[in-house]
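A.B. asks: Protein chains in written order, with the working numbering: chain A, 10 to 511; chain B, 10 to 511.
Simulated from the structure, these hints should not be mistaken for laboratory data.
Be careful, since some hints might not be right.
[What the hints assert, rightly or not] For each label pair, taking beta carbons as the anchor points, the in silico distance ranges come out as:
(1) A:Glu416 x B:Phe141: 55 to 65 Å
(2) A:Asn256 x B:Lys302: 46 to 56 Å
(3) A:Glu192 x B:Glu332: 28 to 38 Å
(4) A:Glu192 x B:Leu138: 50 to 60 Å
[As the list claims (entries may be wrong)] Reference listing, derived: stretches of chain B covered by chain A, where coverage requires no fewer than 3 residues with Cβ under 8 Å from a Cβ of chain A:
(5) 205 to 211
(6) 338 to 345
(7) 405 to 418
[As the list claims (entries may be wrong)] For lysine-lysine, the following DSSO-like pairs were computed, each having C-alpha atoms within a straight-line distance of at most 30 Å:
(8) A:Lys302 x B:Lys443
(9) B:Lys336 x A:Lys292
(10) B:Lys292 x A:Lys302
(11) B:Lys86 x B:Lys284
(12) A:Lys336 x B:Lys443
(13) B:Lys284 x A:Lys292
(14) A:Lys336 x B:Lys86
(15) B:Lys292 x A:Lys336
(16) A:Lys292 x B:Lys302
Note that the Cβ used here is the ideal one computed from N, Cα and C, for glycine as well.
Number of protein chains: 2
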Amino acid sequence: MRFAAPLRGGQGCGYRAPVAANPGVSRRGLIGGAAAGVAGYALSGPSAAAAERSRRVDVVVVGAGFAGLEAARQLKKAGRSVAVLEARDRVGGRILNVPINRKEVVEIGGQWVGPTQDRVLGLIGQLGLETFPTYIDGQNVYYRSGQRQTYTGTVPPASGAALLEVLDVISSLDSMAQEVPPEAPWDAPRAAEWDSQTFETWKLANTSSGEARELVDLSIEAVFAAEPRDLSLLGVVFYVRAAGGFNRLIDTAGGAQESRVVGGSQLIATRMAEKLGKRVVLKASVRRIRHGKDGVRISTARGEWRARRAIVAVPPTLAGRIEYSPKLPGPRDQLTQRVPMGSVIKCMAVYDEPFWRADGLSGMTTSDTGPVKLTYDNSPPDGRPGVLLGFVEGQAARELTQVSRPERQAQVLDSFARYFGDRARTDLRDYVDKSWAEEEWTRGCYVGYMPPGVLTGYRQALREPVGRIHWAGTETATVWNGYMDGAIESGQRAAAEVLRGL
Amino acid sequence: MRFAAPLRGGQGCGYRAPVAANPGVSRRGLIGGAAAGVAGYALSGPSAAAAERSRRVDVVVVGAGFAGLEAARQLKKAGRSVAVLEARDRVGGRILNVPINRKEVVEIGGQWVGPTQDRVLGLIGQLGLETFPTYIDGQNVYYRSGQRQTYTGTVPPASGAALLEVLDVISSLDSMAQEVPPEAPWDAPRAAEWDSQTFETWKLANTSSGEARELVDLSIEAVFAAEPRDLSLLGVVFYVRAAGGFNRLIDTAGGAQESRVVGGSQLIATRMAEKLGKRVVLKASVRRIRHGKDGVRISTARGEWRARRAIVAVPPTLAGRIEYSPKLPGPRDQLTQRVPMGSVIKCMAVYDEPFWRADGLSGMTTSDTGPVKLTYDNSPPDGRPGVLLGFVEGQAARELTQVSRPERQAQVLDSFARYFGDRARTDLRDYVDKSWAEEEWTRGCYVGYMPPGVLTGYRQALREPVGRIHWAGTETATVWNGYMDGAIESGQRAAAEVLRGL
Numbered sequence: 010m011r012f013a014a015p016l017r018g019g020q021g022c023g024y025r026a027p028v029a030a031n032p033g034v035s036r037r038g039l040i041g042g043a044a045a046g047v048a049g050y051a052l053s054g055p056s057a058a059a060a061e062r063s064r065r066v067d068v069v070v071v072g073a074g075f076a077g078l079e080a081a082r083q084l085k086k087a088g089r090s091v092a093v094l095e096a097r098d099r100v101g102g103r104i105l106n107v108p109i110n111r112k113e114v115v116e117i118g119g120q121w122v123g124p125t126q127d128r129v130l131g132l133i134g135q136l137g138l139e140t141f142p143t144y145i146d147g148q149n150v151y152y153r154s155g156q157r158q159t160y161t162g163t164v165p166p167a168s169g170a171a172l173l174e175v176l177d178v179i180s181s182l183d184s185m186a187q188e189v190p191p192e193a194p195w196d197a198p199r200a201a202e203w204d205s206q207t208f209e210t211w212k213l214a215n216t217s218s219g220e221a222r223e224l225v226d227l228s229i230e231a232v233f234a235a236e237p238r239d240l241s242l243l244g245v246v247f248y249v250r251a252a253g254g255f256n257r258l259i260d261t262a263g264g265a266q267e268s269r270v271v272g273g274s275q276l277i278a279t280r281m282a283e284k285l286g287k288r289v290v291l292k293a294s295v296r297r298i299r300h301g302k303d304g305v306r307i308s309t310a311r312g313e314w315r316a317r318r319a320i321v322a323v324p325p326t327l328a329g330r331i332e333y334s335p336k337l338p339g340p341r342d343q344l345t346q347r348v349p350m351g352s353v354i355k356c357m358a359v360y361d362e363p364f365w366r367a368d369g370l371s372g373m374t375t376s377d378t379g380p381v382k383l384t385y386d387n388s389p390p391d392g393r394p395g396v397l398l399g400f401v402e403g404q405a406a407r408e409l410t411q412v413s414r415p416e417r418q419a420q421v422l423d424s425f426a427r428y429f430g431d432r433a434r435t436d437l438r439d440y441v442d443k444s445w446a447e448e449e450w451t452r453g454c455y456v457g458y459m460p461p462g463v464l465t466g467y468r469q470a471l472r473e474p475v476g477r478i479h480w481a482g483t484e485t486a487t488v489w490n491g492y493m494d495g496a497i498e499s500g501q502r503a504a505a506e507v508l509r510g511l
Numbered sequence: 010m011r012f013a014a015p016l017r018g019g020q021g022c023g024y025r026a027p028v029a030a031n032p033g034v035s036r037r038g039l040i041g042g043a044a045a046g047v048a049g050y051a052l053s054g055p056s057a058a059a060a061e062r063s064r065r066v067d068v069v070v071v072g073a074g075f076a077g078l079e080a081a082r083q084l085k086k087a088g089r090s091v092a093v094l095e096a097r098d099r100v101g102g103r104i105l106n107v108p109i110n111r112k113e114v115v116e117i118g119g120q121w122v123g124p125t126q127d128r129v130l131g132l133i134g135q136l137g138l139e140t141f142p143t144y145i146d147g148q149n150v151y152y153r154s155g156q157r158q159t160y161t162g163t164v165p166p167a168s169g170a171a172l173l174e175v176l177d178v179i180s181s182l183d184s185m186a187q188e189v190p191p192e193a194p195w196d197a198p199r200a201a202e203w204d205s206q207t208f209e210t211w212k213l214a215n216t217s218s219g220e221a222r223e224l225v226d227l228s229i230e231a232v233f234a235a236e237p238r239d240l241s242l243l244g245v246v247f248y249v250r251a252a253g254g255f256n257r258l259i260d261t262a263g264g265a266q267e268s269r270v271v272g273g274s275q276l277i278a279t280r281m282a283e284k285l286g287k288r289v290v291l292k293a294s295v296r297r298i299r300h301g302k303d304g305v306r307i308s309t310a311r312g313e314w315r316a317r318r319a320i321v322a323v324p325p326t327l328a329g330r331i332e333y334s335p336k337l338p339g340p341r342d343q344l345t346q347r348v349p350m351g352s353v354i355k356c357m358a359v360y361d362e363p364f365w366r367a368d369g370l371s372g373m374t375t376s377d378t379g380p381v382k383l384t385y386d387n388s389p390p391d392g393r394p395g396v397l398l399g400f401v402e403g404q405a406a407r408e409l410t411q412v413s414r415p416e417r418q419a420q421v422l423d424s425f426a427r428y429f430g431d432r433a434r435t436d437l438r439d440y441v442d443k444s445w446a447e448e449e450w451t452r453g454c455y456v457g458y459m460p461p462g463v464l465t466g467y468r469q470a471l472r473e474p475v476g477r478i479h480w481a482g483t484e485t486a487t488v489w490n491g492y493m494d495g496a497i498e499s500g501q502r503a504a505a506e507v508l509r510g511l
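Model the full structure from these sequences, guided by the hints.
C.D. replies: Printed below as a string of C-alpha cells:
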C-alpha cells in the first residue's frame, strides 16, 4: 500500500519552494540548529539525564508566531526559563517570506504595519529593521459592471449616492465602536442586539444602493477574508474598536496597509527567534497538555517538556485540537468550536519591472468582479522586480481552492490583465500564491472571526486562563485584534499573567 | 509533580457512576471483551503476525455511535470485513443509559423516537426491543412571568395574539421548508437570503408579541440546544424539512418525543454492537488517518488498522480533530471549524413515585424561567421510580456549567419545585445530570448546528468523500438530521458509497 508522505509546514504549500534563504537570516543555521540540538537530545544516550533537566522550564509557549515569540521574549527579559514549541519548521505563523529571486522576498502571509500599531512598530525598531511606504503613487483602478475607470486619492469614482451611504456606514460603525469595551465586547450596552445578527443583516438594513453594498462587502472581505453573512455585527464593531476606527482598517496611507518591512515582515519573527536561540524548538507539534495544580506537561512530536505554566499562542480552532488532561471546561472547548479561520488565497505575480507604474497606475484596484477584487503594488523598495499582489477572499477563496492549480493561476492573471492590461499575462516572470486554509498549522487566514452568538455566549472563555494554561494569539487581543500588533499585545498580556502567577 | 488522571469516557462525567450493569446487557462481557482481545494482541508476542492479519479489514468505521454501528451492520451484511473503532469504553455515542436502581435505567442522552422515524423504529423491531409511549396524561404546566397555570392538550394558555403568531411562524417555516432540497439545502431558491441571517433576525421580523417570541425561543432551544441568534435561518428551515415539519420536531404525541425504548435507547446500540461482536473495538481513539489511492491506515490508541476505505462517523467538530495525511482539502477542514455542537445539561430527579401524577399533572412544563424551562415525566413504563426530566439548554447550559455541582443541582431542583411543588425537593431519592459539552468524545449535544454562511459557503464538503474517506453521522443526514433516525440514514448512505467503491 502506498501512502503520500504527510504534508507538513513549508512542504506541500500552495507556493513555490523557496530557492534561497532570506538575506541576512540563516533560519536553518540559527533556529533550525537549536531545534536539531533538542531533537538530538531526545534520543537516549549518555546525556539523557542532562537533557531531561533541560526540558524543565518555567514556562512552555505553544506556537512561535508573533504572540508566542513576544511572550517568550517578555519571560526571558524577566529572567524566566522558557521553551517555545513550534509545529512548523519555521517561525512566524501566519507571517511568511517567500524568496522571489536571490535578493528579494515577498510576503505570502501578513505584511503591513500602520499608525497606532505601536507595539509592532516599536519592535521593528528594536530589532534593527526598517519600514518603507506601500507604493500608492498614481491612479487607482475602479472596476464595476464591466467598466474600468481610474482615479486618484482614496475615494473611488462610485456614484455620489453610493459614497454617501458608505460614509454613513463607516460613521455608524465608528460610533457604535465607541460603545464597545475592547476588553469585554460582550458587556456593550447593545451587545445582545448586535451579536444576534449577521453583519449582512445590518448592512441590508442600513444601505439601499447596490454599489454601496458592493463597496461595503469588499471592505469586509478585505478585512476578515469572510463574507458579511459569516460575521456577527458585534464582532465587526469590536474589531473596528480594537483598530481605532473603520478607516484605520481599510486605508493604505494612514491605515493598516501604510507601511511594509524592508526584507519582509517575517524578519520580525526570525530576529525575535534568533535572540531566543535554543529556546525555540521547531517541528515540535504539541499533542497533549497535562495540567494540574503543580504544573504542566507538554507532549510533542519531539518528546515531553515540563513547566510551571503554559501559554497556548495559537488560534482557538488549533488550540481546540490539542488534547488536554484533564479536559478543558465545556465553555472553553465549545468556544474553540466557534471561532473559525477566514478564507484567503494571497496571489503574487512577478514581472521584471512594475510596468503599471509607467502607465501612471498605483497598482491598487477595487473591483466588483473576482476572483481578485483587490490588488496592490507589492514590489520591493527599489521596484525591482515588479510585483502585483491580488487577494482572493471569502467565498471566492473557497471556490478557487477547488480548481486545478493552472486554472487558479489563469483566473488570477485574467483578473490582473483586466485591471492592468495584457502585459500582466505576457510579461509574467513568476507566480506565487497560497491558500491558507490548506496550511495544517493555521487552517485559514487572516484571523479567527466571531459568528453571531459567540462573543455574548462564551465571553471570558476567550482569554480566561484554565488553571495553569494561559491563552494568547491575536484572536485574544484587545487592540488591533487580528493583526501583528494584536498578536504582540496578546503575548505581552499572557506573559504578564504568567509572571504574576509564578 | 502530581497530575490528575486523564478523564475519559464514562469517568469524570457529570453524573453518578453506574452502580449496576444494564439488565440483559453485558457490555463488559460482550463488547469490552472483544476490545480486550484486540488490545491484548497489540502487545508483541508469538501471535503478533496473526494479529497483524486480523487488523486488515475492508472498511474501518470511526465511531460506534448509531451512524457507525449501522454502517458496520450494512457492510457486514454485504459480506465485507469491518472494524468499528470507538474512543470510549462503551458504544452509543450521544445515547447513554444510566442505571437508577438495580432494575431501571434513565437515558442521559438521546432517548425518544417518533412517527416517520422509520429507520430507527424498524431497527428497534429487528433487535427485539419495544417502545412505550411518553407519559402525557393529565395537565401540563405553563409558567410565565412568575405565574403558574395548568392546561391540557398541546396548546399552552398563552394569549390568543401570541398563539396566532406562533402558529404563523410554524406555518411559514413549514412552507419555507418545502423549498429546501434536503440533499442540497444550499441550492434552495432563497438559500443565500436565508443563510445570510440568524434565526433570531427572522423571528424578530416575523413576530411582535413578547410571549410569542418566548415560545419560539423555547422551541428552538429545545430542538437545537442553541439560541436563535446562533443559528442560520437556512439551517433551521433545512432541519424542519429533514424532520417533515416543525410540529414533528416539537410534539410529544405525533412528534419526535412520542415514544421511548423499554430498557433505554442505548440498548439499540448495545444490541447492534453485540451482533458485530469483536468487530467493535473500544478505547481505540483514532488519532491519524493516512489515506491514498490504495487504501487507508488508521492510527489509534490501540495500534494501527489498515483498510480499503474509512467511514468517519463522528460529528464534524470531532472529525476535524483527527490528523489526516495528506491533509484534507481546505474547504473540508474549514467546514469542521464551523459546525459547533449545541449546549445542554440533561437533568433527572428520581423519586419513589411520580408524585405529580397523583396531582393530575403530566410532568410536562413550558416555562420562561430557567435554568430548567422544559420538563417531562421520564419514569420507566411502570412508573416506579418516578423520574422528572429537565432540560437546561443553550445559554442557560453554558452558564450553569460554571457553578458548583451542588449549586447546579439546587438550581435545577428549584425549577422542579416551582412547577411541581416542594416535594420535588423534599422527596428526592437521587439526582443525575450531564453536561454534554464536558464529554471529550462528543463535546456538546444534541447536534452540530449550522451558523449563518456555512451551508452556502461549504456545501458538499459536508458529505462529499475525500478520496477513500467517507463521512457519516447525524449531521450529514438528509432525513431527521440530528436524530437517531438521521444517524442511521447516514450510516446506510455511507455504507452504500463504500460498497460502490470497493
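A.B. asks: It remains to establish, for every hint, whether it holds in the given structure.
C.D. replies: Verification of the supplied hints:
1. A:Glu416 x B:Phe141: 55 to 65 Å: For Phe141 (chain B) against Glu416 (chain A), whose Cβ atoms are near 59 Å apart, the range 55 to 65 Å holds.
2. A:Asn256 x B:Lys302: 46 to 56 Å: The hint (46 to 56 Å, Cβ to Cβ) holds, given that Asn256 (chain A) and Lys302 (chain B) are roughly 51 Å apart.
3. A:Glu192 x B:Glu332: 28 to 38 Å: 35 Å, holds
4. A:Glu192 x B:Leu138: 50 to 60 Å: Hint holds: Cβ distance 54 Å, inside 50 to 60 Å.
5. 205 to 211: holds (count 5)
6. 338 to 345: holds (count 5)
7. 405 to 418: With 3 residues close enough to chain A, the hint holds.
8. A:Lys302 x B:Lys443: This hinted pair holds, its Cα atoms lying about 25 Å apart.
9. B:Lys336 x A:Lys292: 17 Å, holds
10. B:Lys292 x A:Lys302: 27 Å, holds
11. B:Lys86 x B:Lys284: 11 Å, holds
12. A:Lys336 x B:Lys443: Holds, because 15 Å separates the two Cα atoms, which is no more than 30 Å.
13. B:Lys284 x A:Lys292: Violated - the C-alpha atoms of Lys292 (chain A) and Lys284 (chain B) are around 44 Å apart, more than 30 Å.
14. A:Lys336 x B:Lys86: 38 Å, violated
15. B:Lys292 x A:Lys336: 17 Å, holds
16. A:Lys292 x B:Lys302: Holds, because 27 Å separates the two Cα atoms, which is no more than 30 Å.
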